[in-house]
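Visitor: Residues per chain are reported as follows:
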Amino acid sequence: MYEVIAFYLFAALTIAMFTIVVMSKNALYAMSALAGGMIFISGFFFLLDAEFLGVVQIVVYSGAIMALYAFGMMFFDTTRDVSEKMRSKKIAYTLFVLSAILMVVILSAPLVSSSVQANFPIVEHVGNVQMIGLVLFTKYLIPFELAAIMLLVAMIAGIVLASKKMDEHLNIEDEEIGNVKESR
Amino acid sequence: MFDTAVIIETVVKAVIVVAVIAALAGFATFIERKVLAFMQRRLGPMHVGPYGLLQLAADGIKLFTKEDIIPQNAIKPIFMIAPVIAATTAFVAMAAVPYFPEFTLFGYTIHPIISDINVALLYVMGVASVGIYGPLLAGMSSANKWSLLGAARAVVQMLSFEVVSGLSVLAPIMMIGSLSLIDINDAQTGGIGDWLIWKQPLAFVLFAIAGFMETNRAPFDTVEFEAEIVAGYATEYSGMRWGLFFIGEYANMITISVLVSIIFMGGYNAFWFIPGGLMMLLKVSFWIFLFLWVRAAWPHVRPDQLMWVCWKVLMPLSVVNIVITGFALL
Numbered sequence: 005m006y007e008v009i010a011f012y013l014f015a016a017l018t019i020a021m022f023t024i025v026v027m028s029k030n031a032l033y034a035m036s037a038l039a040g041g042m043i044f045i046s047g048f049f050f051l052l053d054a055e056f057l058g059v060v061q062i063v064v065y066s067g068a069i070m071a072l073y074a075f076g077m078m079f080f081d082t083t084r085d086v087s088e089k090m091r092s093k094k095i096a097y098t099l100f101v102l103s104a105i106l107m108v109v110i111l112s113a114p115l116v117s118s119s120v121q122a123n124f125p126i127v128e129h130v131g132n133v134q135m136i137g138l139v140l141f142t143k144y145l146i147p148f149e150l151a152a153i154m155l156l157v158a159m160i161a162g163i164v165l166a167s168k169k170m171d172e173h174l175n176i177e178d179e180e181i182g183n184v185k186e187s188r
Numbered sequence: 085m086f087d088t089a090v091i092i093e094t095v096v097k098a099v100i101v102v103a104v105i106a107a108l109a110g111f112a113t114f115i116e117r118k119v120l121a122f123m124q125r126r127l128g129p130m131h132v133g134p135y136g137l138l139q140l141a142a143d144g145i146k147l148f149t150k151e152d153i154i155p156q157n158a159i160k161p162i163f164m165i166a167p168v169i170a171a172t173t174a175f176v177a178m179a180a181v182p183y184f185p186e187f188t189l190f191g192y193t194i195h196p197i198i199s200d201i202n203v204a205l206l207y208v209m210g211v212a213s214v215g216i217y218g219p220l221l222a223g224m225s226s227a228n229k230w231s232l233l234g235a236a237r238a239v240v241q242m243l244s245f246e247v248v249s250g251l252s253v254l255a256p257i258m259m260i261g262s263l264s265l266i267d268i269n270d271a272q273t274g275g276i277g278d279w280l281i282w283k284q285p286l287a288f289v290l291f292a293i294a295g296f297m298e299t300n301r302a303p304f305d306t307v308e309f310e311a312e313i314v315a316g317y318a319t320e321y322s323g324m325r326w327g328l329f330f331i332g333e334y335a336n337m338i339t340i341s342v343l344v345s346i347i348f349m350g351g352y353n354a355f356w357f358i359p360g361g362l363m364m365l366l367k368v369s370f371w372i373f374l375f376l377w378v379r380a381a382w383p384h385v386r387p388d389q390l391m392w393v394c395w396k397v398l399m400p401l402s403v404v405n406i407v408i409t410g411f412a413l414l
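Keeping their order, the protein sequence lines are chains A and B. Every number in this note's numbering is 4 more than the matching position in the first sequence, counting from 1. Every number in this note's numbering is 84 more than the matching position in the second sequence, counting from 1.
To be clear, the hints were calculated from the coordinates, so they are not data collected in a lab. Yeah, the Cβ is synthetic: ideal placement off N, Cα and C, and Gly gets one too. Among the clues, some could well be false.
Distance condition first, Cα-Cα at most 20 Å in a straight line; then the derived SDA-like pairs of lysine to any residue [stated by the list, open to error]: (1) B:K160 - A:L38; (2) B:K229 - A:L38; (3) B:K146 - B:G128; (4) A:K29 - B:P161; (5) B:K396 - A:I160; (6) B:K396 - A:K29; (7) A:K29 - B:A227; (8) B:K229 - B:A141; (9) B:K160 - A:N30; (10) B:K283 - B:L414.
On the chain B side, residues computed to face chain A include the following (Cβ under 7 Å) [what the hints assert, rightly or not]: (11) I162; (12) V203; (13) L206.
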């Protein structure tokens, strides 16, 4: 019974949070609701005994949304509402139709879910972390390595883009302080 | 899976942890003033009660009865919820922390941990890092330049220390092979020679430094440094909302102290003739004292120095430490 209560609580909270993300015109509301929603999603993982994934959900998304906040801080005045211009009605109608179809698919999902079999069922006395490690390094080794290479490429690209002043220190050098003092 | 008895036991434990830690966090503010006073050859609070002990109650009454001011241009809901986030995340992180060895009370075995999940270490660190949302949201919703600067520093600091604390704690995890804090504690049962601090001295130092950054303590208190940005993110706050930030900060200090004691300093294992529970209290008290000692002894660093030391010194050191540990384990 408690599982059901917890599930409906988290479900309602998640939907409410993501509704705020989409509907709100204020960047700060949207980002805070996004962070809240992501953290509430981790509740589902904990309910399914997938603690590792739940914690990873919290860690990864809290860091990622932190970066979004930083962008928001740099580019907007987050205390003001953002005026949205939505001219094209075609996009709106297409999205309405698509989300209606998606709704039907989600609601009819329980019809097929009874015949779904777990690819890697839970083994007793083997922890979450060990199972994920085993699956990642045997069955899904190549996708895992590919993801690692993509991340490496992204990191190198980031360094190249930001490397215009790579040979200078981030902090103020003693010489510069000396120069300032001399010029006074 | 969920039994009514388990639910009741968990709720009772959670209430006890919140009550005790909140009281201890309040008491820590008094201890901090006393310790700083002794280190600076002052007396500290002396007038209220014997030896100034009731100063704590006086401060509490003041904070609770002070007017709760919300600035006109602030974004009200977020401004109001930010201190609550700072305090709750600090307490939520404690759900997976074991404090004492298990004991029997009235014939009922009690495990002094709210929920024994097998990824406890990752959980505590993840939730504690969510706590930086408190200062961030407070700074961004206050409509005040000083607060915004504080929030910007919070982001920078969080993105820097997170890498160091995660990587530094990876080496001990590799040696033990489990993320559960109870397993980590049980791996160090054989007296002081088994403490991980002797096998992982570098990881210990790095994790301690990252802990100071995570709790915004001096010398890394860039988020709220008075001489540079007034009170940082807390500039516009007053009364109990301001107090909640500091309950969160001191609760985080206690969490970090418990984590360091468990991972590197033998946890709650009995030592010589001292029982395990007392040993834990002694270690945590020592770490709280160290936090205050460092604040009295060292000057504050600039944010750029903090980033420099994180990315160019601490992170390479922790990666080297992981590589060495890996080779040693092979």
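Visitor: Hint by hint, note whether the structure agrees.
Guide: Status of the hints after comparison with the structure:
no. : hint            : result
1   : B:K160 - A:L38  : 18 Å, holds
2   : B:K229 - A:L38  : 25 Å, violated
3   : B:K146 - B:G128 : 18 Å, holds
4   : A:K29 - B:P161  : 15 Å, holds
5   : B:K396 - A:I160 : 17 Å, holds
6   : B:K396 - A:K29  : 40 Å, violated
7   : A:K29 - B:A227  : 17 Å, holds
8   : B:K229 - B:A141 : 33 Å, violated
9   : B:K160 - A:N30  : 12 Å, holds
10  : B:K283 - B:L414 : 15 Å, holds
11  : I162            : 6 Å, holds
12  : V203            : 5 Å, holds
13  : L206            : 5 Å, holds
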